[in-house]
Amino acid sequence: MLLFVALISFLIFRFVGNPVENLMGQEATLAQRAALEEALGLNDPIHIQYFDFLWKAVRFDFGNSYRGALPVAELIVSRLPATLELALTSAVFAVIFGVFMGVYTAINRGSVITNFILSSSLIGVSLPTFLIGVLLIWLFSVELNWLPSFGRGEVVDLGWWKTGFLSESGLKSLVLPAITLGLYQMTLIMRLTRSEMLEVLRQDYIRLARALGLTNKAVYFFHALPNILIPVITIGGLQLGSVIAFAIITETVFQWPGVGLLFINAVYFVDIPVMSAYLLLVGFAFVLINLIVDLSYFFIDPRLRDSELKDEA
Amino acid sequence: MERFFRSDFFYHFRHAPVAIVSFVTIILIILAAIFANFIAPTNPFDPASLNLMNGFTPPLEANEFTGERFLLGTDDQGRDLFSTILYGLRISLFVGLMAVLLAMVMGVLLGLIAGFLGGWIDSVIMRFADIQMTFPSILVAMLIYGVARGILPPEVRYEMSIVVLIISIGLSEWVPFARTVRGSTLVEKEKEYVTAAKMIGLTRQQIMLRHILPNVLSPVLVIATITFALAIIAEATLSFLGVGVPSTKPSLGTLIRIGQDFLFSGEWWILLFPAVTLLALALSINLFGDWLRDILNPKLK
Amino acid sequence: MIEPLLEIKNLSVSLKKRDNISVAVDDLSLNLYPGEILGLVGESGAGKSMTGSAILGLIEPPLYISAGTISLQGSSIMEAPETIRGSQISMIFQDPLVSLNPLKTIGEQLIKTIKTHFNISKAEALERSKKLLSDVGIEPERIDAYPHTFSGGMRQRVVIALALAPEPSVIIADEPTTALDVSVQAQILNLLKQLCTERGTSIILITHDMGVISETTDRVAVLYSGRLVEIGKTSDVLQRPQHPYTAGLVASTPNIDPNSFEKKLFQIPGAMPDIDDVPDGCAFHPRCEHARDKCHTHRPPLFDARVSCWLLEKPGGTL
Numbered sequence: 016m017l018l019f020v021a022l023i024s025f026l027i028f029r030f031v032g033n034p035v036e037n038l039m040g041q042e043a044t045l046a047q048r049a050a051l052e053e054a055l056g057l058n059d060p061i062h063i064q065y066f067d068f069l070w071k072a073v074r075f076d077f078g079n080s081y082r083g084a085l086p087v088a089e090l091i092v093s094r095l096p097a098t099l100e101l102a103l104t105s106a107v108f109a110v111i112f113g114v115f116m117g118v119y120t121a122i123n124r125g126s127v128i129t130n131f132i133l134s135s136s137l138i139g140v141s142l143p144t145f146l147i148g149v150l151l152i153w154l155f156s157v158e159l160n161w162l163p164s165f166g167r168g169e170v171v172d173l174g175w176w177k178t179g180f181l182s183e184s185g186l187k188s189l190v191l192p193a194i195t196l197g198l199y200q201m202t203l204i205m206r207l208t209r210s211e212m213l214e215v216l217r218q219d220y221i222r223l224a225r226a227l228g229l230t231n232k233a234v235y236f237f238h239a240l241p242n243i244l245i246p247v248i249t250i251g252g253l254q255l256g257s258v259i260a261f262a263i264i265t266e267t268v269f270q271w272p273g274v275g276l277l278f279i280n281a282v283y284f285v286d287i288p289v290m291s292a293y294l295l296l297v298g299f300a301f302v303l304i305n306l307i308v309d310l311s312y313f314f315i316d317p318r319l320r321d322s323e324l325k326d327e328a
Numbered sequence: 002m003e004r005f006f007r008s009d010f011f012y013h014f015r016h017a018p019v020a021i022v023s024f025v026t027i028i029l030i031i032l033a034a035i036f037a038n039f040i041a042p043t044n045p046f047d048p049a050s051l052n053l054m055n056g057f058t059p060p061l062e063a064n065e066f067t068g069e070r071f072l073l074g075t076d077d078q079g080r081d082l083f084s085t086i087l088y089g090l091r092i093s094l095f096v097g098l099m100a101v102l103l104a105m106v107m108g109v110l111l112g113l114i115a116g117f118l119g120g121w122i123d124s125v126i127m128r129f130a131d132i133q134m135t136f137p138s139i140l141v142a143m144l145i146y147g148v149a150r151g152i153l154p155p156e157v158r159y160e161m162s163i164v165v166l167i168i169s170i171g172l173s174e175w176v177p178f179a180r181t182v183r184g185s186t187l188v189e190k191e192k193e194y195v196t197a198a199k200m201i202g203l204t205r206q207q208i209m210l211r212h213i214l215p216n217v218l219s220p221v222l223v224i225a226t227i228t229f230a231l232a233i234i235a236e237a238t239l240s241f242l243g244v245g246v247p248s249t250k251p252s253l254g255t256l257i258r259i260g261q262d263f264l265f266s267g268e269w270w271i272l273l274f275p276a277v278t279l280l281a282l283a284l285s286i287n288l289f290g291d292w293l294r295d296i297l298n299p300k301l302k
Numbered sequence: 158m159i160e161p162l163l164e165i166k167n168l169s170v171s172l173k174k175r176d177n178i179s180v181a182v183d184d185l186s187l188n189l190y191p192g193e194i195l196g197l198v199g200e201s202g203a204g205k206s207m208t209g210s211a212i213l214g215l216i217e218p219p220l221y222i223s224a225g226t227i228s229l230q231g232s233s234i235m236e237a238p239e240t241i242r243g244s245q246i247s248m249i250f251q252d253p254l255v256s257l258n259p260l261k262t263i264g265e266q267l268i269k270t271i272k273t274h275f276n277i278s279k280a281e282a283l284e285r286s287k288k289l290l291s292d293v294g295i296e297p298e299r300i301d302a303y304p305h306t307f308s309g310g311m312r313q314r315v316v317i318a319l320a321l322a323p324e325p326s327v328i329i330a331d332e333p334t335t336a337l338d339v340s341v342q343a344q345i346l347n348l349l350k351q352l353c354t355e356r357g358t359s360i361i362l363i364t365h366d367m368g369v370i371s372e373t374t375d376r377v378a379v380l381y382s383g384r385l386v387e388i389g390k391t392s393d394v395l396q397r398p399q400h401p402y403t404a405g406l407v408a409s410t411p412n413i414d415p416n417s418f419e420k421k422l423f424q425i426p427g428a429m430p431d432i433d434d435v436p437d438g439c440a441f442h443p444r445c446e447h448a449r450d451k452c453h454t455h456r457p458p459l460f461d462a463r464v465s466c467w468l469l470e471k472p473g474g475t476l
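Residue numbers (our numbering), protein chains in the order written: chain Z, 16 to 328; chain L, 2 to 302; chain P, 158 to 476.
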């Protein structure tokens, strides 16, 4: 999977836009061009170029950005903390509220609050992320003037990581973007939690638990909740991946200095090395998340643990 | 027709107020977009009709210089917002529709081929679909958009931007169609009538298109409805990010981006009206699609 | 006369769909006496399981109890069924493979159940759980095992242990052996019977299997289309069925008899009606070879506290 993504990103890197033209400009002579093509290895067989690309990617060498001629890796590393902090905060927000509201609406079917949550969730899915962001800015920054509408606020430099978690303005700046980014995932997680919960509550072991006189609390939290964790973690994990992608939109709305903003500018100015490096990065993030999701199954489900042990024996 | 009105489908429709309201909203919005020339007081794409002096007129109030009044106010360039929204809707709906058509044709064909032929073709198509599905479609659309702009020479980028946009969104949404059609095809091709068609010597293309295709279309309709909403949102998002349609021909997303710039200076109407229109459109299509899915195939959830 | 332990009077369970209401359990009256095993028999859809769920107040929309009373030891349990669940009446379901929470050890599930009903320490609850496991024939050492490591029969033993844990006076067993291998069925039934006899617990055994009825129950109630058609001592009902439907059921039960291999098994013609399409009069009349005019229009009452059929109207009338 990662190799495939790398291939796409290589093809974009190699064939879209002309690196020679971009590096040398229009005035270069044919001889100069040929020399550069040779130096860049553009005359090697294609699979050699691919391996070369991979090998460089492993060492975080993605070449230089067309604009500003900075190394792409350096650009990305400087932007990454902002995006990761934003993504993490909104994912935590989405999971906590999503699961809580999903469980609540499944247990209290037909109540006024449930119907309210469900109908607003439909609006939530239909609202594009950018519109949520703009509306939040309007309400909380323009009208109420409570929270900042752009940037990260003051960041504290930890040497290898610039964090916005440690200053008041940093935390304040985080609120609106995190909600914007998390709201869509939250509605998805909520709807999923709700439908899984309703499904689990139909199971025979729940009926048995009720017939044995277990309290509602025990039925919901002892029996039902652990059983919805697997699907919720699976989808939640995949959603975390799309959080990274939706961060592009949120970062643009809030001028959040993360990799998403870097990417959208790259698309705008056709900065191919940045685009291809970003693609690789996202691909890598997805693979990593899938791995974590798979591993978490083993902590939750004893059936999987056992079947795996048997396989090894 | 009479059969339609007595059908179960129609019974459910009459008893679902949400479905009726959302359906009527969709129809009204589409009609408004089609007949924009007749409804709109001005043509916002015609520079000659614009008067910069009219800029930033609040809704229903008279402009301080020209004294003109506008139902929903004007934007920074003095364009009547009501007219601009109607024309913007046209672009949004057009891009959305074309993108869905592209995604549908591509997805249905690939799904049919994968399901009917099986073997390595099936593996290649579905593997590719799986990988694409891991990435959110908006990211895929942006990437295709960026690549397309890279391939096109700079001179034509501007004129081609709508076509590029349609292709980007279309290519990013084909997977659900392909998956569903492949699934139904796998079921259908085991049935008697396909065997019979093979026996009388029809070619594979004939069987796929004339016999299997009509039988897998009902879920495709549901997906098309939901994808339509997604495509409109995707178009608005890309235009909002500034990588969509050019701002001389603004779609709803472009208008919202322009509106955001003027939020802090108090010109709220430039943002609000396009935003409400977009929300109404996306919400109605989603609600209608949800209802359609529940009625046509309860298992599709 | 002995007072009934559990008394069901004129119970109806209805189903609301679109604008129609159909009746799934129709005017059912039953008594359960202390220590007895009462069988509920009938085809699937006859309302047996629904009756069981109704007793525990586990009926969920669109189904609802539309009429009748259920009382335990003379006092109604319909207002607060949750107070008697487990402690007074507990239940065993058909499929042991899905009756246990897959993510919890059997010990955790037993302890949770015990601690819900008794105010005792965790150590004591653990001791009781081990005792229960050994009572149902499972080594107490396996208390920390997960359900998936047990076979179907073993899991049903765990379920029985769970049902007995709150020390109820009634157990409703809903097709407890249907999902099990034939060789295991008898073991489970005997175990259930033995444990309940020891504890003086009554059983309502829901099944469609006449063989199970004849081997296990003291009395049997036959349901058809949500209605009680015949009730009585198991030996009476099986040997001298009064209702044509009961007679058909008995005749259509395979009998392992070396002399009857040549015989063809009896079939009741037709099928039970859907609950939204129950015919007027006696629900069984379209399939009944003895049906008279009255059967088409009038619903028969229960004659002699035994059988609901117009053939029994005149004193002394029989099949």
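Derived by calculation from the structure, the hints in this document are not laboratory data.
Treat the hints with caution; some may be incorrect.
[What the hints assert, rightly or not] As a list, the in silico SDA-like pairs of lysine to any residue whose alpha-carbon atoms are at most 25 angstroms apart:
no. : chain 1 : residue 1 : chain 2 : residue 2
1   : P       : Lys174    : Z       : Ser210
2   : Z       : Lys232    : P       : Phe275
3   : P       : Lys174    : Z       : Gln218
4   : P       : Lys173    : L       : Trp292
5   : P       : Lys174    : Z       : Phe237
6   : P       : Lys174    : Z       : Leu216
7   : P       : Lys272    : Z       : Val234
8   : P       : Lys279    : Z       : Phe236
9   : P       : Lys174    : Z       : Leu213
10  : P       : Lys272    : Z       : Phe237
11  : P       : Lys279    : Z       : Leu276
Against the structure, the hints:
1. P/Lys174 to Z/Ser210: 22 angstroms, holds
2. Z/Lys232 to P/Phe275: With a Cα-Cα distance of about 17 angstroms, the restraint between lysine 232 of chain Z and phenylalanine 275 of chain P holds, given a limit of 25 angstroms.
3. P/Lys174 to Z/Gln218: With a Cα-Cα distance of about 23 angstroms, the restraint between lysine 174 of chain P and glutamine 218 of chain Z holds, given a limit of 25 angstroms.
4. P/Lys173 to L/Trp292: 22 angstroms, holds
5. P/Lys174 to Z/Phe237: 33 angstroms, violated
6. P/Lys174 to Z/Leu216: Holds, at about 22 angstroms.
7. P/Lys272 to Z/Val234: 14 angstroms, holds
8. P/Lys279 to Z/Phe236: 19 angstroms, holds
9. P/Lys174 to Z/Leu213: 20 angstroms, holds
10. P/Lys272 to Z/Phe237: 13 angstroms, holds
11. P/Lys279 to Z/Leu276: 56 angstroms, violated
Violated hints for the displayed structure, listed by number in ascending order: 5, 11.
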